[in-house]
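Take a look at the letters that make up each chain.
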Amino acid sequence: MTDHPSQIQTTFAEIQSKTEARASRDTGKVSILIGTATCGRAAGALEVVQTFTDELARQEIDAQVSQVGCMGHCYAEPMVIIQKPPYPPICYGYVTPGIALRLVEDFVLGDDPCLEFALGALEENELIPTVFELPRFKYDMRLILRNCGYIDPEDIGQYIQGGGYSGLAKALQMRPEGVIEEVKNSALRGRGGAGFPTGQKWDICCYAPGTPKYVICNADEGDPGAFMDRAIVESDPHSVLEGMIIAGYAIGASCGYIYVRAEYPLAVERLTIALRQAQAYGLLGDNIMGSGFNFSIELMQGSGAFVCGEETALIAALEGRRGMPRHRPPFPATQGLWGKPTSINNVKTLSYVALIITQGAEWYRGIGTEKSPGTAIFALAGKILNTGLVEVPMGTTLRQLIYEIGGGVPKGKRFKAVQIGGPSGGCLPESLLDTSIDFDSLSAAGAMMGSGGMVVLDEDNCMVDTARYFLDFTQKESCGKCTLCRLGTKQMLDILDDITRGEGRCEDIDLLIELAEDIKAGSLCGLGKTAPNPILTTIRYFRDEYEAHIIDKCCPAKVCQELVGYYILPEKCERSCDACVGSCPTEAVYTAKRGIKAIDQEKCVKCGSCVDACPPQYNAVVKISPKSLIPPSPPPKDG
Amino acid sequence: MVEDELLKGKVGEVLDSYKGERKDLIPILQQMQASFGYLPRVAMIEVAKFLCIPGSSVFSVATFYNQFRLNPPGKHPIKVCLGTACHVKGGERILESWERELGIKVGETSKDLEFSLERVACVGCCAMAPVSVVDQAVQGKVTPTRVKGILLSFQLEKEKQE
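Chains A and B, in that order, are what the protein sequence lines are.
Here the first sequence is numbered in the working numbering, starting from 1 and rising by one per residue.
Here the second sequence is numbered in the working numbering, starting from 1 and rising by one per residue.
In isolation and in its complexed conformation, chain B is listed as follows (with noise of 0.2 Å):
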């Protein structure tokens, strides 16, 4: 319950900044992931209060967009893209890959939190596909053997700081 307090404050600073018009419902949600990483409900309730419009309008539209998650993302998202050009020069197959290589489905996290898996509709870079967004960074022409690669790079690093 502490931690829910202290979420209900983090809240009220993201919308000290809005009037509390309808309008601002989805820029409000954005600000939110941004700070969280997802929509803590605690969160959407409050938004709601703030709003004037029953919990269940913030809900439906957290749930209607492709881009508000509901749970805690990992450490390192991974995004596969999934756009046209991406699943001609075999997006699925890296897709496997990923999954494979890190033991979860899509939309899932892994039980360390280190990486969440998701695929997205196209990061608009076709020229370079099969494209995968690992933490920001565009990653084009990726392989099965390139996503080991990646996951390599991620232990040995985290290796190094230990």
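In isolation and in its complexed conformation, chain A is listed as follows (with noise of 0.2 Å):
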């Protein structure tokens, strides 16, 4: 296979000046970047893409409008970046169809590069400050995001320009044994959260008896509060089959399964592009570059099961089954697929692959700490300013994260926790926050890397409520294989219900931590052996607010339903105006003697309308917990 590595090299300069010569058509010319991923097209970017394409047609203006994928500034969304030379590239956030509009009337037509709409310019210049002197961009270290946002995704030619493939025409160049060992080098560890060395896991797969062999890359995101795989799918598909095809070549596979979550249509869409470019290039099919490597991708979509995330769990999903996990060994590595040896990469795993083979192990290691090398992404959500994805090197404190790159929590809220690693993770209070961003460290501390999901919580959050959330989650979510499993996660959900009603008893604490140990002790997959961390976690760092549930009848948060009551403070009652009475769906809220606005507790369905609706300058409208503390109500006006 590695007889003609120049018949490679001539073969792939071949395919990088076939989009060399379709780039240099394009120069020139005003280009215009949106990003239009899921996030950015919730935020109504497509509506900006549709007024720059229909202003450009009007004015007659010769300029190029892509469609880019997630820069992973969500909180910015949408994002467009205007590269009109001499002028570096210009990012602007939050742009409407309005400022759309001024952007092609004053810079793409006019001189002004409208500073006040931009965040900054994307290249060190003279003139405009550069988006890296803001702290959310300057603590980034983009490996597997470099391309997101700035290449167009259903574009193969920009990836290559921007030195996609590269990586496979080395590796192919390569032994394949030569390949496995630069990833053990690189000590890789799995990014779909377990965190197993990648280099080992191929080692195993290739020596392993059985042909064919097959990859396959899990894309079944189904981690509530996480969406880096589809950021990365969606924005930089190549990039995944660019290491999807190396690991073949490694392994000695012939075929790949891309299993990807049914619920991200756009990410489905833009892999299955992806696909046909690639195959059209040469870089997926019979004899790769004239190497005589065959290699074909299929497409497999998830339907929709959490469980599906764990590996044997997936397998039995590709095969036309229930999506159930078996017992391990055989690890799928000696026989997956079909009983054939398999090996199953994470998005984020295979997208750093070429990364690897084009600049060396040795610069892998040197980024991150020692034991857990390289870049951790996180997708920042909950009570924090600066939302999006965010790629830091590993060995990053949590404070870092959370206040400096996060920008902390809004509204002068205090900080409560960070939930990390979803249903499987823990919650960490502000005390662990110097933690380190790395595999063990965040063990260590009871929560895990998982898959990168990252929520914060502030004042406002009840941490029962959220770890019955969790827990409900992982109950609905619970294959039934396993009895403990399947009754204890009911039996623990049943126990938190009752403490967020208010009918705990003090000895709940106790029965709930062992029936958690029980429950990691007697599950088969990663499911069941972490669906207990998110209660332990939070027994472990809030237990005063376990106890203010279970004593007090108190929810200090004022987040669970039974425990909290709606009350109009009368002193700041504005009387006249009816906003609240207006806003009820339930006829709760009524007017008493005076004017003054009143709750009836029993028809109210605490839906908190009447809180957003009272004008922020009267404030009436509070939440009391518990509702014993609720003064009684007055009459109604007429009696």
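No wet-lab data here; the hints were simulated from the structure.
Note that the structure is a prediction, hence the values are computed from the model and not measured.
By construction, the Cβ of each residue, glycine as well, lies at the ideal position given by its N, Cα and C atoms.
No false leads were slipped in.
Covered by chain A, according to a simulated footprint, are these stretches of chain B (three or more residues, beta-carbon under 8 Å): (1) 22-34; (2) 61-68; (3) 76-85; (4) 109-122; (5) 125-134; (6) 139-146.
One-sided and incomplete, this derived list gives chain A residues near chain B with beta-carbon spacing under 7 Å: (7) GLU263; (8) ALA305; (9) ASN461.
Both chains are sitting in their own frames, so use the hints and assemble them into the complex.
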């Protein structure tokens, strides 16, 4: 296979020149890049695209409008980058159709780059401050997000021009064992959550008896609160394909599957386009770049089962069965899909592979910490200012991530906890914010890297409710195979339900801990083994909140509905304003004597509409817990 | 019964593009759902015959995965995201608002077959939480008032057509 390195080089050079020829035609034009991944679309990016194209057509301006993926700065969506030489590329945030019109008029036609809408320039220059001076950009170290938001995911040419597929070309000139050796030396650890060394997995798979062998890309990102796999697949699908092809070459597989969630329709669409283009360029299929290596990739849509993120369950789903995990060993690396050796890798893991091949294992090991080299990607969400995706070197502390990059908790609220790793992870309190982000430190603190969801909770979030939420999720998603997971999670959920309703008993906390340990010990797969983590960590760090619910029947954060009541403060109520009365869907808010508004606790469904409706200058509607503290309601005006 | 025959014909069209291997079961069901909006009983029985497996195997797969539904959806499916970020930002409140405004519970379809309401685990737009997916469009930062607004716009649209 490796007899023709020169031929591979020539074929790849031909492919590169093909894309360059296409690119050179486009230079000199104004280029407008608009982020239209799912998150951008939710913020109205498609309307912005429409405005730009309509306006450019109306004014008969020859400019290129491209839809790119997600830059990860979801808080500032829709985002637009305008490249107009000699200006540096400028990045704009919070773009509306109105701002789009201004940008065309003043910047594309005129010479005013409208800096009032700009986040900054993307290159060093003398005119405009760069975005890298913003803390949100400064700490970013973009390895696998490098292309996200900068290239058109539906154009393979842009990926190749940025150095794409050169990792594959280099790998094909190496011996497969050499590729595995390089990945092993890089100490790359699987980014699906468990952190198993990728090189070792490939090694086992490569030497396992049995053919054919398979490569599976796990893009079944079922973890609520994590969306980095979606962003990568939607914004830079070729980096995943390149990693898969290299993996296939290394372990001697000729066929790969991508298992992607059906809930991500745009990801499916962009992967389909990427596969077709890679095939057309001879980067997939038979005799790739003249190397004699054949590889094909099929797309399979996951049908929405969280447990299918577990590798043996994922294999069952691919085989057309119920996605239930089986006992390991044998591990999929020796007996996987249809009993054949199978390497299952996460989207992020595969995205690193091409970089490691081109830049070398040494380079990769130089980033991050000794035991967890490389970068970590987190999806920042919840009560944090700068939501979105961040990629930082391993070893960054949680405090840096939340306060410096994330901008801290909005509206001056107090930070309470950070939930890391989704339903399998844990909640860490403020005292642990100096924990370094890497596989081992997070596990030691009781959380886990997981798939990288990071949800920040503030003083308005109830920890018992948060624990209940995650358990409710895992309990519903438990496949039912292991008794302890199936019945144990249900029992724990019932207990938590009681506590949040104010019917908890003092011994419940110890019972929860006991059940949690049993479920961990008695479950086959990661779902059951980690399902109790959110409860264990919240009890460990926020036991006082559990006790307040049980003993005082009080929800300190005023979240648990059964323990909370709404009340209108008579001294703050404006009286002549009827906003709250009009907003109430159940007519629970009424007018009492002297025009003061009051709430009928029997009728109130606790939807919170009156809180939103009450004008901020009065702020008269408050939540009170426990309910016994609510003063009695006055009689209605006309008796 | 005439309807069943018609359905069977359509099922046949879908099946024509498959070889009849067991691994095709989930893609077939996905395609069925895409064309019918749900998995009719007759269709599942046809699939079982086609793949030479018991009907119970088809049913067990169809009921295991969240994606599949066994009853027809509304004309405008509404999916309320209850992922972590949406939960933290009050997703349940939004779900309750939809239930109240539509007069149906989650998992149900309104009597006029206009709307159906579902909960989903996460649509991956956590930064825009709380999120609802109405038809295919992702609506970010939804509030109870916004729920009313969205339904009002459907009503206006409908009145305009009439």
